[in-house]
Structures are given as structure tokens and as C-alpha cells.
Amino acid sequence: MSNPVPAAAASPEAPQAAPDRPLDDAHDRDGGVDGGRSHLPPREERRSGLGAPVALGVAVLIGLAWGAATSGLQTVLPWPFSGLANAVSPWVAPAFAVGALTRRSWVAAVAGVLVCLGEVGGYYLVSMVRDFGVNPSMVVVWVATGVVGGPVFGAAGWCWRRVRSLRWATLSAALLGGVFLSEGAIGYGVYLGYAGDAVVFCTLGALLVVALGAAAPAARAARAPGRGIGTAMVWLLLVLPLGAAGQALLRVVA
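Each residue of the sequence shown is one higher than the one before, starting from 1365 at the first, in the numbering used here.
Incorrect hints may have been included.
Label-pair distances were calculated between CB atoms; the ranges are [said to hold, decoys possible]: (1) 1612 with 1498: 21 to 31 Å; (2) 1495 with 1589: 47 to 57 Å; (3) 1421 with 1511: 18 to 28 Å.
Note that these hints are calculated values from the structure, not bench results.
From the three backbone atoms N, C-alpha and C, an ideal C-beta is built for every residue, glycine too.
Work out the full structure, taking the sequences as your base and the hints as a guide.
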């Protein structure tokens, strides 16, 4: 015997759910906005952003400009901000930003490398013009660092803007904020004992985690900025130990 159909369900004015789509699929468990079927943005959204030629050209220009500026800022920035011109985290931040502007993930990764290599070139070119000595071994170290870190942070920027899963988008927020936090706490706090610089870096790192977690497109689409911040903070439990290990390795090779 079949169950009777309620009158409200039989009414033509009642909302109807498609058989393969829940009635309310605005948010999936990860904070995505497509009912869990895909973590990627819709095709129209993927068309926005910089294409490969423009993105790679912009990456080189930004890298050269920021590297050159870093050389000059080292003798201009006052304490306790002078460390910002002599650190890893301010160099990977432009890679993240350029990655967020790109249309495709592989372009973001390549652009991240070009930003970091451009920074190395711009820094040492200006340093030579200013008659500062250049240590070839240090050039090799920073090139290697850019080749490793550039694609990670370029892709992280792309992921933060493009991926619709709140879980993965906030990992990107934690990565960028976490590199500032780990460099401040471990690099400047533990290894160098520069309390002022450590406070500056840790403050910037915390602000980046909060701002990027709340402002991630996935968080805004889910109307859950607080959840974005909270998820990014949870990711720090993984990111910070990795950042501390990276700082220890950097002290060994540099």
C-alpha cells in the first residue's frame, strides 16, 4: 500500500528538488558552494584572471621591482621594521598575490617561481650598483629557495581565490600567514633574539590568517567569515611545525 502524498508536496507552488541535487545545496560540508560535486569554480569564473603570457610577464616585473626595492629598503626601514627587507616571508607574499590573479593553477605555480627568481635578480643587481659585495653561494641558496617556495605560494594564491572548498582555501590563508608567524617566532625570536622584529612578523602573520581566512571567496560564498578564520587557524597546527622546520633548515644552509 503506497503512502499518501501530502497536499503541500503535491501543490504546484511547493519547491521541488531535482533528483540529483538537494533542495538546499548552497553549502557542502567543506564550505563549498556547489553541493560537494566540485571544488573548482564554474567555467565562467575560471575565464576571469590573467592568462599565461600576461601573468608570467607581470610575475617577472613584480619580482624584479620588489627585489630591487628590498635592497634599498634595507638601509631605510627603521627598527623594528627593518627585518621586513631581509626575510623570506615578504618575498613569498608577492608570489601568493600574483598566483591569486592568474586564471590557471599551473600558471600560478610558474608565476610564483618567476616572482621569486625576479626578486633574487633585482636584489643583487641593485646591490651591485650600490657597490655591495655579492656572495655567489648566497645567490644559489636564494635561487633554490625560490624554486622550492615559489610554486607553493603561487599555487596557494590561486587556491585561495579559485577553490570553492572552504577547507582548502583556508589552507592557503594559513600558509601565507604561517610563514610570517614561523619566521617571526623561530627565525627572529629563537635564533636571533630580536624581540621587536619577532613581534612585527607575528603580528603581520596573525593579521594575514584572519584577513585571508575571512575574505576567501569560499568563505564569502558560504557567508561564513568566522568559519573561514577558524579553519585557517586549525591549519596552523600543521603549517607552523613545517615553517619551524624550514627555518631550521635555512639556518643550516644560509
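A quick look at each hint next to the structure:
1. 1612 with 1498: 21 to 31 Å: 26 Å, holds
2. 1495 with 1589: 47 to 57 Å: 49 Å, holds
3. 1421 with 1511: 18 to 28 Å: With Cβ atoms ~19 Å apart, the hint holds.
Going through the hint list in order, the structure satisfies each hint without exception.
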